[in-house]
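K.L.:
Chains A and B supply the protein sequences, listed in that same order. For the first sequence, the residue numbers in numbering that gives the first Met the number 0 are 0 to 359. For the second sequence, the residue numbers in numbering that gives the first Met the number 0 are 0 to 280.
Hints are supplied without guarantee of correctness; some may be wrong.
[As the list claims (entries may be wrong)] Keeping only pairs whose Cα atoms sit at most 20 Å apart, straight-line, the calculated SDA-like set for lysine to any residue is:
hint : chain 1 : residue 1 : chain 2 : residue 2
1    : A       : Lys285    : A       : His295
2    : A       : Lys244    : A       : Asn353
3    : A       : Lys100    : A       : Gln111
4    : A       : Lys152    : A       : Lys183
5    : A       : Lys93     : B       : Gly182
6    : B       : Lys105    : A       : Leu54
7    : A       : Lys93     : B       : Tyr172
8    : A       : Lys106    : A       : Met89
9    : A       : Lys93     : B       : Lys105
10   : A       : Lys152    : A       : Asn162
11   : B       : Lys105    : A       : Glu70
12   : A       : Lys332    : A       : Met300
13   : A       : Lys100    : B       : Arg177
14   : A       : Lys129    : B       : Gln196
15   : A       : Lys183    : A       : Glu121
16   : A       : Lys93     : B       : Phe187
17   : A       : Lys129    : B       : Ser73
Quick caveat, the hints were computed from the structure, so don't treat them as lab data.
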Amino acid sequence: MAHVSLQGVRKSFDSLEILHGIDCEIEDGEFIVILGPSGCGKSTLLRVIAGLETLSGGTVTIGEKIVNELEPADRDIAMVFQNYALYPHMTVYKNMAYSLKIRGLSKTEIEQRVQDAAKILELGDLLHRKPRQLSGGQRQRVAMGRCIVREPKVFLFDEPLSNLDAKLRVQMRFELRQLHESLKITSIYVTHDQVEAMTLADRLIVMDGGNAAQIGSPLEVYEQPMTKFVAGFIGSPAINFFNGKMSGDGSQVELVDSTCLSLGKNGLKKHGGSEVTLGIRPEDFKVVEDDQAMIHLQVDMVETLGADTLIHGHLGKIDTDFIVRLSGTHHLKRGIKLPLSVSPEKLHFFESQNGNRIQN
Amino acid sequence: MVENRSFQKVVTHSSLIIGVFIIIFPIYIALVTSSHEQAEVASTVQTWFGSAFLDNYSTILTTGRESTGAIPISLMMWNSLIMAVGITVGKIVISIISAYAIVYFKFPLRMFFFWIIFVTLMLPVEVRILPTYEVVADLGLLNSYTGLILPLIASATATFLFRQFFLTIPDEYVEAARVDGAGPIRFFIDILLPLSQTSIAALSVILFTYGWNQYLWPLLITTEESMTTIVMGIKRMIVVEDSVPEWNLTMATALLAMVPPLAVVVGMQRQFIKGLVETEK
Numbered sequence: 000m001a002h003v004s005l006q007g008v009r010k011s012f013d014s015l016e017i018l019h020g021i022d023c024e025i026e027d028g029e030f031i032v033i034l035g036p037s038g039c040g041k042s043t044l045l046r047v048i049a050g051l052e053t054l055s056g057g058t059v060t061i062g063e064k065i066v067n068e069l070e071p072a073d074r075d076i077a078m079v080f081q082n083y084a085l086y087p088h089m090t091v092y093k094n095m096a097y098s099l100k101i102r103g104l105s106k107t108e109i110e111q112r113v114q115d116a117a118k119i120l121e122l123g124d125l126l127h128r129k130p131r132q133l134s135g136g137q138r139q140r141v142a143m144g145r146c147i148v149r150e151p152k153v154f155l156f157d158e159p160l161s162n163l164d165a166k167l168r169v170q171m172r173f174e175l176r177q178l179h180e181s182l183k184i185t186s187i188y189v190t191h192d193q194v195e196a197m198t199l200a201d202r203l204i205v206m207d208g209g210n211a212a213q214i215g216s217p218l219e220v221y222e223q224p225m226t227k228f229v230a231g232f233i234g235s236p237a238i239n240f241f242n243g244k245m246s247g248d249g250s251q252v253e254l255v256d257s258t259c260l261s262l263g264k265n266g267l268k269k270h271g272g273s274e275v276t277l278g279i280r281p282e283d284f285k286v287v288e289d290d291q292a293m294i295h296l297q298v299d300m301v302e303t304l305g306a307d308t309l310i311h312g313h314l315g316k317i318d319t320d321f322i323v324r325l326s327g328t329h330h331l332k333r334g335i336k337l338p339l340s341v342s343p344e345k346l347h348f349f350e351s352q353n354g355n356r357i358q359n
Numbered sequence: 000m001v002e003n004r005s006f007q008k009v010v011t012h013s014s015l016i017i018g019v020f021i022i023i024f025p026i027y028i029a030l031v032t033s034s035h036e037q038a039e040v041a042s043t044v045q046t047w048f049g050s051a052f053l054d055n056y057s058t059i060l061t062t063g064r065e066s067t068g069a070i071p072i073s074l075m076m077w078n079s080l081i082m083a084v085g086i087t088v089g090k091i092v093i094s095i096i097s098a099y100a101i102v103y104f105k106f107p108l109r110m111f112f113f114w115i116i117f118v119t120l121m122l123p124v125e126v127r128i129l130p131t132y133e134v135v136a137d138l139g140l141l142n143s144y145t146g147l148i149l150p151l152i153a154s155a156t157a158t159f160l161f162r163q164f165f166l167t168i169p170d171e172y173v174e175a176a177r178v179d180g181a182g183p184i185r186f187f188i189d190i191l192l193p194l195s196q197t198s199i200a201a202l203s204v205i206l207f208t209y210g211w212n213q214y215l216w217p218l219l220i221t222t223e224e225s226m227t228t229i230v231m232g233i234k235r236m237i238v239v240e241d242s243v244p245e246w247n248l249t250m251a252t253a254l255l256a257m258v259p260p261l262a263v264v265v266g267m268q269r270q271f272i273k274g275l276v277e278t279e280k
């Protein structure tokens with residue numbers, strides 16, 4: 000077990016810089032999820048930590064040791080690959096035992112460790128099968144087992160659940176989390192799936208184009224997105240964005256169709272008069288009586304999902320499409336005007352120019 | 000699935016039977032001819048087995064025939080076997096190692112070396128035979144197994160095939176091996192070789208046949224009778240001056256010459272199919 004420290008981590012391939020300097024302190028026993036769309040450098044970051052890619056700048060520290068120059072095998076890490084990378088010609092047992100054999104452990108020690116891991120992962124009956132005779136979920140477990148037997152300081156996961164079907168993914172997610180609870184080994188997990196990220200992580204690193212856009216707990220990231228990108232990436236359906244302009248005293252914001260939203264008692268005085276992007280999550284809208292409405296939504300389409308109802312609509316004449324998510328079923332007709340309100344603390348403001356969050 | 004109708008069955012089976020018949024026919028004639036006395040086959044083609052089957056085979060296997068210098072076929076086959084196995088093993092070892100270097104290691108002029116190897120595809124034995132002969136003669140390797148094998152084991156084809164195969168092996172295996180702590184040699188032995196089993200089996204079949212069928216090269220560098228290979232032997236039996244070709248013995252030799260390649264094909268086939276079914280990438 001160990002903490003991991005990233006300081007100014009940079010990686011370039013030839014002239015193309017993929018990671019632009021990432022700083023992060025990962026605590027001992029923490030489960031960190033690196034989240035981002037494809038091409039944001041999240042896998043590269045993981046591979047840099049693993050030692051599969053060399054650093055172009057900065058330092059990676061695992062435990063007390065700077066590991067920049069160390070081979071993956073000497074970094075005391077274990078990695079689960081996207082396609083598991085189980086050696087197809089070896090049995091499950093041999094796959095799990097391989098790294099121990101290379102390290103020169105005694106036969107009895109290897110046997111002991113493999114059996115222990117097999118017990119944790121319920122792989123006992125499968126030890127003498129070849130990977131091709133296993134189902135996706137079982138392979139996933141073997142890949143985990145291969146990591147556990149090494150008793151590493153850090154676990155690295157590279158989108159390990161992306162090859163499983165939806166149902167199995169939920170189950171494996173749960174098992175992964177349980178495993179982490181019992182082993183308490185520092186884990187770094189890369190995914191593009193926000194549900195995985197939100198449910199597994201102690202803290203998230205949201206990556207945007209080679210930068211860490213935000214590092215924080217799942218709730219922090221959801222409730223206080225630091226950039227427009229993070230706000231748009233986390234949450235499903237995605238957050239609604241509107242262009243608007245702050246009133247001079249920063250107490251309210253005027254949207255393009257002259258709807259005005261009050262910012263509540265605090266307001267954003269420093270930003271009075273500036274152009275802003277307003278973000279409102281679909282689930283933060285409430286249906287209210289007509290006279291209390293802040294926004295009137297022109298309903299275009301209603302999707303009934305059972306537990307939730309998604310309402311697609313727009314504001315007034317202008318093309319400001321947005322989505323509202325109401326819990327339960329609602330019988331709404333196309334074309335009606337739905338009176339909605341949002342509590343002021345659920346409004347997210349971002350600078351129009353650079354997308355950074357505006358807050359007091 | 001193809002519909003399982005009896006008419007289609009008849010058509011497929013009869014075309015298969017015709018195919019088999021066309022292939023079997025010359026072999027049958029050879030087999031029949033090899034079982035007759037010389038006089039019976041000198042001018043006609045026999046259609047049914049004669050009585051000299053065992054005599055003919057024991058003659059060529061033990062004492063050999065006058066017109067080919069009385070070398071027993073068994074010795075020729077032994078020579079051919081050593082040459083063919085040597086070429087097969089040599090080619091596979093050399094080319095799998097060079098393909099490994101080219102695919103998995105970064106070194107200066109890597110692609111240059113690959114293309115240099117690749118270009119030698121255009122230089123088969125026949126094209127470079129004179130310089131090769133000169134080199135082998137200067138090294139004093141005439142009339143030796145080394146001389147028969149060595150010049151033929153550099154193989155661009157096999158290198159290229161292994162390279163293509165290695166490129167299809169997911170990088171994740173390499174990375175997993177690195178994380179597991181396997182160095183380049185361990186990775187090669189523990190992971191790459193077992194995964195290449197199929198390719199090795201397939202290439203062995205092709206290369207063994209290639210080595211076994213070598214004619215021009217052994218003809219050039221062997222002058223001693225004891226180094227004669229079987230393919231040379233057959234050729235000498237067909238062209239005999241001032242006497243009647245002994246077709247019965249020639250056919251027997253030809254049939255015996257077929258046996259080892261056949262055995263390799265049949266023996267490797269299992270491995271081959273097993274590999275095809277089991278390999279998972």
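K.L.:
For the pair we were handed, B:Lys105 and A:Leu54, check the Cα-Cα distance against 20 Å.
P.N.:
holds, 18 Å
K.L.:
Going straight from one Cα to the other, do A:Lys244 and A:Asn353 come out at no more than 20 Å?
P.N.:
Answer holds: A:Lys244 to A:Asn353 is near 15 Å, not above 20 Å.
K.L.:
Would you check the hint for A:Lys152 and A:Asn162, treating anything up to 20 Å between C-alpha atoms as holding?
P.N.:
Given pair A:Lys152, A:Asn162 is violated - Cα atoms ~26 Å apart, limit 20 Å.
K.L.:
Compare the distance between the alpha carbons of A:Lys93 and B:Tyr172 with 20 Å, and conclude whether the hinted pair is satisfied.
P.N.:
holds, 15 Å
K.L.:
Holds or violated: A:Lys183 with A:Glu121, Cα cutoff 20 Å?
P.N.:
Holds, because 19 Å separates the two Cα atoms, which is no more than 20 Å.
K.L.:
Compare the distance between the alpha carbons of A:Lys129 and B:Gln196 with 20 Å, and conclude whether the hinted pair is satisfied.
P.N.:
holds, 16 Å
K.L.:
Between the alpha carbons of A:Lys129 and B:Ser73, is the straight-line distance 20 Å or under?
P.N.:
It is violated: about 44 Å lies between the C-alpha atoms, which goes past 20 Å.
K.L.:
Would you mind confirming whether the straight-line C-alpha gap from A:Lys93 to B:Gly182 stays at or under 20 Å?
P.N.:
holds, 17 Å
K.L.:
Is A:Lys332 close enough to A:Met300, meaning Cα to Cα at most 20 Å?
P.N.:
holds, 8 Å
K.L.:
With the threshold set at 20 Å, check whether the alpha-carbon distance from B:Lys105 to A:Glu70 stays at or below it.
P.N.:
Given pair B:Lys105, A:Glu70 holds - Cα atoms ~16 Å apart, limit 20 Å.
K.L.:
Tell me if the straight-line CA distance from A:Lys106 to A:Met89 falls inside 20 Å.
P.N.:
holds, 17 Å
K.L.:
Within a Cα-Cα threshold of 20 Å, do A:Lys100 and B:Arg177 meet the stated pairing?
P.N.:
Holds, at about 14 Å.
When each numbered hint is compared with the structure, violations occur for hints 9, 10 and 17.
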